[in-house]
Amino acid sequence: MSRFVLPNCRRSWIPTTDNVLLGLVIANVVVFIMWRVVDPAFMKRNFMISVENFTSGRVHTLITSAFSHTDIEHLFSNMIGLYFFGRSIENCFGAQFLLKLYVAGALGGSIFYLVQHAFILPTSKGSGMWYVDPKKIPALGASGAVSAIMLLDIFLFPKATIYYFFFPVPAMLLGAFLIGTDVLRITE
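Numbers 1 to 188, taken from full-length UniProt numbering, label the letters of the sequence shown in order.
Wrong hints could be hidden among the right ones.
Said to hold, decoys possible - Think about it this way: if two alpha-carbon atoms lie no more than 20 Å apart in a straight line, the pair counts; the simulated SDA-like pairs of lysine to any residue are:
| no. | residue 1 | residue 2 |
| --- | --- | --- |
| 1 | Lys-100 | Ser-143 |
| 2 | Lys-159 | Lys-136 |
| 3 | Lys-136 | Asn-46 |
| 4 | Lys-44 | Arg-58 |
| 5 | Lys-44 | Asp-71 |
| 6 | Lys-136 | Met-43 |
| 7 | Lys-136 | Leu-152 |
| 8 | Lys-136 | Pro-40 |
| 9 | Lys-159 | Phe-54 |
Don't read these hints as lab results, they were simulated from the structure.
Kindly produce the complete structure, drawing on both the sequences and the hints.
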């Protein structure tokens with residue numbers, strides 16, 4: 001009989017010797033700056049996920065879109081989540097695992113987005129002057145990657161207290177809230 005055993009980990013905000021977390025934050029900031037100085041057409045083709053980009057062979061956008069952000073608040077909120085929850089995951093499982101989880105979350109979010117915009121949204125009724133083909137609507141952001149990291153941390157430490165906008169919230173409750181809001185957003 002086999003059973004799943006968690007590694008001997010603890011929640012800690014003490015930095016580790018690996019620089020993966022710092023590298024992820026720096027990469028996100030560099031891409032944010034690139035959006036302000038590089039040709040916007042190049043950035044849209046290479047740093048945004050869309051059905052059109054994907055079917056044009058720009059498969060790399062499955063991951064590069066997870067380093068793009070619309071504005072400083074979008075970047076800041078994702079990097080705060082990445083830092084605090086990522087530090088915990090890195091301390092628990094190591095830097096390589098954190099990087100793999102970030103990439104897996106980015107891929108998962110991008111693939112879900114593609115499925116939704118390629119198969120689900122085109123079946124809904126839409127026409128007229130304001131109709132936009134869902135296959136051409138791009139997306140960006142680290143939310144899929146950061147959500148994967150955040151939810152794993154919440155599942156590992158469900159009784160921990162997390163400060164959400166300065167309010168202490170049980171991790172279990174915050175996890176249920178975040179999953180619920182994502183499900184509502186998808187169904188709308």
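Here is how each hint holds up against the structure:
1. Lys-100 to Ser-143: 15 Å, holds
2. Lys-159 to Lys-136: 42 Å, violated
3. Lys-136 to Asn-46: 14 Å, holds
4. Lys-44 to Arg-58: Holds, because 11 Å separates the two Cα atoms, which is no more than 20 Å.
5. Lys-44 to Asp-71: 15 Å, holds
6. Lys-136 to Met-43: Holds, because 15 Å separates the two Cα atoms, which is no more than 20 Å.
7. Lys-136 to Leu-152: This hinted pair is violated, its Cα atoms lying about 32 Å apart.
8. Lys-136 to Pro-40: 16 Å, holds
9. Lys-159 to Phe-54: 40 Å, violated
In this structure, the hints that do not hold are numbers 2, 7 and 9, in rising order.
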